[in-house]
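Peer 1: Since chain A is already given, all that's left is putting chain B on it; use the hints.
Number of protein chains: 2
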Amino acid sequence: MKPEALEFSKRGQRLIGQEMFKVLERAKKIERLGQHVYHLELGNSCFPPPVEVIQTTIDALANGHVGYVPSAGHPNLRAALAEHYTEHGRPWVTENCFVISPANLLINQFLDMTCNDGDTVVLFTPGFPTYFAAAKYIGLNVKTIALESENGYHLTKLAIDQAVTQKPKAILINSANNPTGAVYTQSSLEYLIQQCEQHGIWVLSDETYAELCYRWPYWSLSAVDYSRLIVMSSFSKSYAIPGYRVGYALAHPFVASKLNLSCSTLFSCLPSFTQEGCVAALQVGETYLEEVGDYFSNMTEQCAEMINQSQILTCSVPESAFYLFIDIQKTKLSDHEFCQRLLQEQQTALTPGSSFGPGLESYVRASVSGEKEEVLEGIKRLVSFALQSKDSGPWLPSASSQLSKVGHAV
Amino acid sequence: MKPEALEFSKRGQRLIGQEMFKVLERAKKIERLGQHVYHLELGNSCFPPPVEVIQTTIDALANGHVGYVPSAGHPNLRAALAEHYTEHGRPWVTENCFVISPANLLINQFLDMTCNDGDTVVLFTPGFPTYFAAAKYIGLNVKTIALESENGYHLTKLAIDQAVTQKPKAILINSANNPTGAVYTQSSLEYLIQQCEQHGIWVLSDETYAELCYRWPYWSLSAVDYSRLIVMSSFSKSYAIPGYRVGYALAHPFVASKLNLSCSTLFSCLPSFTQEGCVAALQVGETYLEEVGDYFSNMTEQCAEMINQSQILTCSVPESAFYLFIDIQKTKLSDHEFCQRLLQEQQTALTPGSSFGPGLESYVRASVSGEKEEVLEGIKRLVSFALQSKDSGPWLPSASSQLSKVGHAV
Chain A
1 MKPEALEFSK RGQRLIGQEM FKVLERAKKI ERLGQHVYHL ELGNSCFPPP
51 VEVIQTTIDA LANGHVGYVP SAGHPNLRAA LAEHYTEHGR PWVTENCFVI
101 SPANLLINQF LDMTCNDGDT VVLFTPGFPT YFAAAKYIGL NVKTIALESE
151 NGYHLTKLAI DQAVTQKPKA ILINSANNPT GAVYTQSSLE YLIQQCEQHG
201 IWVLSDETYA ELCYRWPYWS LSAVDYSRLI VMSSFSKSYA IPGYRVGYAL
251 AHPFVASKLN LSCSTLFSCL PSFTQEGCVA ALQVGETYLE EVGDYFSNMT
301 EQCAEMINQS QILTCSVPES AFYLFIDIQK TKLSDHEFCQ RLLQEQQTAL
351 TPGSSFGPGL ESYVRASVSG EKEEVLEGIK RLVSFALQSK DSGPWLPSAS
401 SQLSKVGHAV
Chain B
1 MKPEALEFSK RGQRLIGQEM FKVLERAKKI ERLGQHVYHL ELGNSCFPPP
51 VEVIQTTIDA LANGHVGYVP SAGHPNLRAA LAEHYTEHGR PWVTENCFVI
101 SPANLLINQF LDMTCNDGDT VVLFTPGFPT YFAAAKYIGL NVKTIALESE
151 NGYHLTKLAI DQAVTQKPKA ILINSANNPT GAVYTQSSLE YLIQQCEQHG
201 IWVLSDETYA ELCYRWPYWS LSAVDYSRLI VMSSFSKSYA IPGYRVGYAL
251 AHPFVASKLN LSCSTLFSCL PSFTQEGCVA ALQVGETYLE EVGDYFSNMT
301 EQCAEMINQS QILTCSVPES AFYLFIDIQK TKLSDHEFCQ RLLQEQQTAL
351 TPGSSFGPGL ESYVRASVSG EKEEVLEGIK RLVSFALQSK DSGPWLPSAS
401 SQLSKVGHAV
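Protein chains in written order, with our numbering: chain A, 1 to 410; chain B, 1 to 410.
The following block holds chain A by itself, in its conformation from the complex (with noise of 0.2 Å):
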């Protein structure tokens, strides 16, 4: 039989993986085919890790820590972890709600273990790609609630309120977000909490980016005592090591014994030397995050001035990270148009905004994350690229070419 004629099951079937990655597989061919690619799709920091993470992977590895650890994870990582929460204000957290596992696998675990097909989940956009999928993926039934630019994205009351009336099983929200930067306020998190209680809403919390949080006091919804949340979080994009596929979740025991059956049984457990590298991460971390987050600052206003002065793109300054979510309206081209043309006429790699949720065809994000040159390079080019296009109108594709996901147009 012809392969394509294979049935697979609802979930094979529901499958759409991460659109960043299949960006970088088109930029890595067209890197084999010998040419420059200026990667401003993944946010891979520039930034060296800190030096003691390395080294300590590396005496673990050299010292034959290369066995199963329990599945949970590493007690001393999560001892670790107990110990920087409760020196950031968080006492009664113990290594007992911590359980470690890949941050995007989380994403799925959390949305696994508490909705069944069919359920209510809501999310916000723009939002990470990830939630998108693996809400499809298990089969629920998505809700989006859209930010407004207008309000530099923020959470607000009425945000929330319409999100509990879609009388969701859970909510996912993300602070500091990916992709528009915006870090939530205190109290609008605590309003969240309080609407999610009284309906009995799963939450989970997403706080990858809290530690590059540089424009704004950030708030951990850590802090709040409810049982029906999960905070996660990921050593990945703070210490530039995304390689090493580390997150971790902080919940109520109980709710992390049911989290640690779902790692024993999805995947063992992670390896040994990866999570002693992180130990060393939190102990050296402070300073290493001040530099970084100056320099993201630094560097997200730049190119975020680029992008508003050149009279076609626009996009807020985000209040953490290393994204731009940029609004390409003007340039009259689809995001899916206009990053397969720039990826090909100018070699600069760039997301597509509707990967962030429906209704953003005329978005597309940037990373700034990479080297610099590269990054000020790339940015250069989207600019001169986003000029031309609004001179030279609208771009037929060849047969050939893979665009069938252009459907926007506007």
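Hints were generated in silico from the structure; no laboratory data involved.
Small disclaimer: the values here were computed from a predicted structure and weren't measured.
Among the hints, erroneous ones may be present.
A pair counts as met if it fits within one copy or between any two copies, since identical chains are not told apart.
In silico DSS-like pairs for lysine-lysine, Cα to Cα no more than 30 Å straight-line [claimed, not checked]:
id, residue 1, residue 2
1, Lys157, Lys2
2, Lys167, Lys10
3, Lys143, Lys2
4, Lys167, Lys2
5, Lys390, Lys29
6, Lys332, Lys143
7, Lys380, Lys332
8, Lys390, Lys330
9, Lys143, Lys330
10, Lys167, Lys136
Peer 2: Quick look at chain B alone, frame taken from chain A:
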């Protein structure tokens, strides 16, 4: 509200985890009290990994390979695997046939992309606990077919016919087998595929222990052309790096691309540096594997002899790997009671037989993969405990002990 009153999803409620990790946690608790424990519960090889594997991993870390790689896996590892299989008589295999993912997760990925909630899956018993945990988690209708100790737990035509009669969506097989050590013949595997092809059944062939087959010519299902087949394996056991958490699937490129979407959705990608280490494993493997195979061939034979001479415990001599599946019926203790007391009284950790399927409450699994002296002492303690228990009669647990799972004492 009390966290115990929280409602999880159906999947959340069906999570059971892996028994070995629970045994490991109990053993670690005893160790923290200062007692030495003989670890015969996990398959952690006493061999150090090939030095080239560790050195290549360290070099990759030192060279800053800590960013993202493609979700399907590091291109060098996929290319090295294609070369490896080509050299081993599978010249049609290309890098597009491979997807890199932790082997335990691949079991979940396979079931989730081929089966819907309520579909039937056939598992042969004794079988690896994750098959049961994953199938239960996903909500599958598990039909077990018992392989017979009298046949050395081999896959027979009768067992295959019984399997197909269940009209399953998928069948999982595991040769070389954990926990029995059985290695299936080419003719039985070809008959299996022939039957599955006729009835449109998906097959997962878990070949994790293939390279640790030492008493029999190993025949891999990668030889057959069947688009509903996924062959999976791992670097964990062969190269003594279970803590790397790197496995792979080999499938038709169309099926592999579906699996790639699953990886991208679930966990983005695996680390670059661990995958680079696995490339080195494939380069240096042959000599290393020969030495490892010779050692475990002798070790399993020696331990099986100790057990069979005990007059109370019996086991087959395995054809592969480093597990002994031991009949404890004459002790008149159930597997959980046996393991619990053996750990408490003799500080020796084994895995209860019922983790490997229903009806196996009079078996335990011993892994003889650890340091030789530790293993030999553990087996001695196992035998001596069994002999004592015969005289002492059944044990009445105290109310505080964790014996809720014991329900089949014979």
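Peer 1: Within, between, both or neither: how does the pair Lys143, Lys2 come out at a Cα-Cα threshold of 30 Å?
Peer 2: between (37 Å within a copy, 29 Å between copies)
Peer 1: Cα distance capped at 30 Å. Does Lys390 pair with Lys29 within a copy, between copies, both, or neither?
Peer 2: within (28 Å within a copy, 67 Å between copies)
Peer 1: Which holds for Lys332 with Lys143 at a C-alpha limit of 30 Å: within a copy, between copies, both or neither?
Peer 2: within (28 Å within a copy, 57 Å between copies)
Peer 1: With identical chains, the pair Lys380 and Lys332 could be close in the same copy or across copies; at 30 Å between alpha carbons, which is it: within, between, both, or neither?
Peer 2: within (19 Å within a copy, 78 Å between copies)
Peer 1: What label fits Lys167 with Lys136 when the C-alpha limit is 30 Å: within, between, both, or neither?
Peer 2: Both. Shortest intra-copy (18 Å) and inter-copy (29 Å) distances satisfy the 30 Å Cα cut-off.
Peer 1: One pair to classify: Lys167 and Lys10, alpha carbons no more than 30 Å apart. Within, between, both, or neither?
Peer 2: both (25 Å within a copy, 19 Å between copies)
Peer 1: One pair to classify: Lys157 and Lys2, alpha carbons no more than 30 Å apart. Within, between, both, or neither?
Peer 2: Result: close only across copies, 28 Å inter versus 53 Å intra.
Peer 1: With identical chains treated as interchangeable, where does the CA-CA distance between Lys167 and Lys2 reach 30 Å or less: within a copy, between copies, both, or neither?
Peer 2: This pair counts as between: shortest inter-copy Cα distance 22 Å, intra-copy 43 Å.
Peer 1: Given a CA cutoff of 30 Å, do Lys143 and Lys330 count as a within-copy pair, a between-copy pair, both, or neither?
Peer 2: within (28 Å within a copy, 60 Å between copies)
Peer 1: With 30 Å as the alpha-carbon cut-off, assign the pair Lys390 and Lys330 to within, between, both or neither.
Peer 2: Within one copy, since 7 Å is at most 30 Å while 84 Å is not.
Against the hints set out earlier in the document, no violation occurs for any number.
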